[in-house]
Amino acid sequence: MTNLFIDTDIIIDFLTDRNPYSREAAIIFTLIDQKKLKGYASSLTFSNLYYVLRKIEPHKKVLAKLDSISKMLTVLNVREQNIRDAIESGFPDFEDSIQYFCALDCKRVEVIITRNTKDYKNSNLPVMTPGDFLKSFVS
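Going by my numbering, the first residue of the sequence shown is number 1, and it counts up by one from there.
Be aware that one or more of the hints could be misleading.
[As the list claims (entries may be wrong)] Restricting the straight-line Cα-Cα distance to at most 35 Å, the calculated cross-link-like pairs of lysine-lysine (DSBU-like) are: (1) Lys-107 x Lys-118; (2) Lys-61 x Lys-36; (3) Lys-107 x Lys-61; (4) Lys-38 x Lys-61; (5) Lys-38 x Lys-121; (6) Lys-55 x Lys-118; (7) Lys-65 x Lys-107.
If you're looking for bench data, these hints aren't it; they were derived computationally from the structure.
In this text, all values refer to a predicted model and were calculated from it rather than measured experimentally.
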């Protein structure tokens, strides 16, 4: 089974049906739900999701969505060392650098799924868009 770290943008695409990206995100989450893939996200993702989703939906609806996603994914803690590594990393996007070091710290994560591949150009893990991953995925 392939272990994927799902970046926040992909989860937002899925939860908000953000076109044209939601279709590929939905396929990935369907494969996770079918236990053909294992999904991971950082604890930071959930505060980011709440912040974005709360602008467009009521509090209770957002919490219900976060609860649903938290049951599909393994939530990884962001450790102090992840923050220190992110600060020193030189990544162009600080939030993505935290996500990266959290994923790298996990050891089970095999690939990062994001639409912001340019922000992960110095990654030691493979980084793929949902579409590229799905093209290469064999169930």
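Kindly indicate which numbered hints from before are broken by the structure, ordering the numbers from low to high. none
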